[in-house]
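-3 is the number of the first residue of the sequence shown in the working numbering; add one for each residue after it.
Everything labelled a hint here was simulated from the structure, so no lab data went into it. Only a predicted model underlies this, so the values are computations on that prediction, with no experimental measurement involved. The reader is advised that the hints may include incorrect statements.
[Said to hold, decoys possible] Taking CB as the label site, the calculated pair distances span:
hint	residue 1	residue 2	range
1	T143	K52	41 to 47 Å
2	Y139	A71	19 to 25 Å
3	G137	Q57	25 to 31 Å
4	G13	S113	21 to 27 Å
Yeah, the Cβ is synthetic: ideal placement off N, Cα and C, and Gly gets one too.
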Amino acid sequence: MIVRNIIVINDFAQPTGGAGKVAFDVAIALAKNGFRVVFFSGTGPESDLLQNNNIKSVCMQQPDMLSDSNKVRAALRSIWNHRAHKRLCMLLNDYDTTDTIVMVHGFSKTLSSSIFSSIKKKGFKAIFILHDYFAACPNGGFYNFQTNENCHLIPLSLK
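Given the sequences, and given the hints that come with them, work out the whole structure.
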């Protein structure tokens, strides 16, 4: 497989926080090294860093779950973002699985786990950059904030 295209996924279209900064730094470095990079995000506004570095931006302009004024909508979208799923499937239709990989940085604040279904459905290889523990811990920290101590439960168990 010769990789020509890389689709970078992150909740925000701005280098917000540590994970966002890493996502942007990686996208820019890849573009500067000759890869065609697409930056897929849920929440804008879109940073000028994308256009200035020849990176195609696809941003859905949705509020993240904490800033959405409709808390019910935000809660439902955080479980499954139908729009993100559909839009990512549409984007992936424009690329070939033989020369494109998907790189996921952040998904828990806007995009939801629906993106994983899109990637699998379309058959793309993916790299997941884990900046926190949300993939295995509902609060992202392996920490019990109510008791202020490390959490010793089995990740994602019924408890």
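- [ ] Find the hints from earlier in the document that the structure breaks and name them by number, from lowest to highest.
- [x] Checked against the structure, no hint fails, so every one of them is satisfied.
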